[in-house]
Amino acid sequence: EAGVTQSPRYAVLQEGQAVSFWCDPISGHDTLYWYQQPRDQGPQLLVYFRDEAVIDNSQLPSDRFSAVRPKGTNSTLKIQSAKQGDTATYLCASSTTGGVETLYFGSGTRLTVL
Amino acid sequence: GQQVQQSPASLVLQEGENAELQCNFSTSLNSMQWFYQRPGGSLVSLFYNPSGTKHSGRLTSTTVIKERRSSLHISSSQTTDSGTYLCAFLNYGSSGNKLIFGIGTLLSVKP
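Those sequence lines, one after another, are chains A and D. Residue -9 is where the first sequence starts when you use the numbering used here, and the numbers rise one by one after that. Residue 6 is where the second sequence starts when you use the numbering used here, and the numbers rise one by one after that.
Bear in mind the hints are in silico, worked out from the structure with no lab data behind them. Keep in mind that a hint or two might mislead.
[Said to hold, decoys possible] Capping the alpha-carbon separation at 25 Å, the derived lysine to any residue pairs in SDA-like fashion look like this: (1) A:73 <-> A:104; (2) A:68 <-> D:34; (3) D:115 <-> D:14; (4) D:115 <-> D:53; (5) D:59 <-> A:85; (6) A:73 <-> D:46; (7) D:59 <-> A:92; (8) A:61 <-> A:29; (9) D:115 <-> A:29; (10) D:115 <-> D:96; (11) D:59 <-> D:113; (12) A:68 <-> D:14; (13) A:68 <-> D:47; (14) A:73 <-> D:58; (15) D:59 <-> A:86; (16) A:73 <-> A:92; (17) A:68 <-> D:115.
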């Protein structure tokens, strides 16, 4: 069984540039999460979906961050006008409904904003 | 404030030594998990342990719900155990269930 796939693996930007991260969850997993993990910190939830619906995006900086999952499968997280404070690893995870105890993470995208 | 406190922040062991990692929660605990993260790698769930003691190979997790704490014991450490160990609790909210993570314990096992 394929795991959670993320791309790109790394991204380096200048402040003000935009970037998109892509996530392909495990087949059959209806719940998809995006986490932000700054260096030397634990992952912090940004947004999560059940199928194509956003369940919780309360921690997503809505003025610059956006996330979609249009068909309830793959998802894209986009940062408009990146800031140095956005430097972090962005992790995608998936699970089945109610199965947060069996959460599977991708390898993440490491973003550096110069 | 920090809802999940992990200690120690970092730990260096010689191969073969044991390790005890601690996790304390500031809120009522419904369930919690331990994760392992290799440098630059993804997180892997080690234990889903809402209460009591669970074993997996050289790893043992013990959660005491009423005391809002959990521990992870690693016996006979190996160099391949090096990495970051994260604990997280499950927060049940009106907007859904989500994991709240600690900062982690960075473990380095020397040969």
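Tested hints:
Taking the CA atoms of residue 73 (chain A) and residue 104 (chain A), the gap is about 8 Å. The hint holds against a cut of 25 Å. For a cut-off of 25 Å, the pair hint linking residue 68 (chain A) to residue 34 (chain D) is broken: about 33 Å separates their Cα positions. The suggested pairing of residue 115 (chain D) with residue 14 (chain D) holds, with an alpha-carbon distance near 17 Å, which does not exceed 25 Å. As the CA atoms of residue 115 (chain D) and residue 53 (chain D) are separated by approximately 28 Å, the hinted pair breaks the 25 Å bound.
In summary, the hint linking residue 59 (chain D) to residue 85 (chain A) is supported, as the alpha carbons are separated by about 22 Å, within the 25 Å threshold. For the hint pairing residue 73 (chain A) with residue 46 (chain D), the CA-to-CA distance comes to about 24 Å; that is within 25 Å, so the pair holds. Our distance criterion of 25 Å between C-alpha atoms is met by residue 59 (chain D) and residue 92 (chain A), whose separation comes to about 16 Å. For the hint pairing residue 61 (chain A) with residue 29 (chain A), the CA-to-CA distance comes to about 32 Å; that exceeds 25 Å, so the pair is violated.
For the proposed pair residue 115 (chain D) and residue 29 (chain A), the alpha carbon gap of about 23 Å is at most 25 Å, so the pair holds. The straight-line distance between the Cα atoms of residue 115 (chain D) and residue 96 (chain D) is roughly 36 Å, outside the 25 Å bound, and the hint therefore fails. Of the supplied pair hints, the one linking residue 59 (chain D) and residue 113 (chain D) holds, its CA atoms being roughly 23 Å apart against a limit of 25 Å. Distance hint between residue 68 (chain A) and residue 14 (chain D) is unfulfilled; the C-alpha atoms sit about 32 Å from each other, more than 25 Å.
Distance check on the hinted pair: residue 68 (chain A) and residue 47 (chain D) sit about 20 Å apart at the alpha-carbon level, within 25 Å; holds. At most 25 Å may separate the alpha-carbon atoms for a hinted pair to count; residue 73 (chain A) and residue 58 (chain D) exceed this at roughly 44 Å. Proposed proximity of residue 59 (chain D) and residue 86 (chain A) is supported: the alpha carbons are some 23 Å apart, at most 25 Å. Between the alpha carbons of residue 73 (chain A) and residue 92 (chain A) the distance comes to roughly 33 Å, so the proposed pair goes past 25 Å and is violated.
The suggested pairing of residue 68 (chain A) with residue 115 (chain D) is violated, with an alpha-carbon distance near 40 Å, which exceeds 25 Å.
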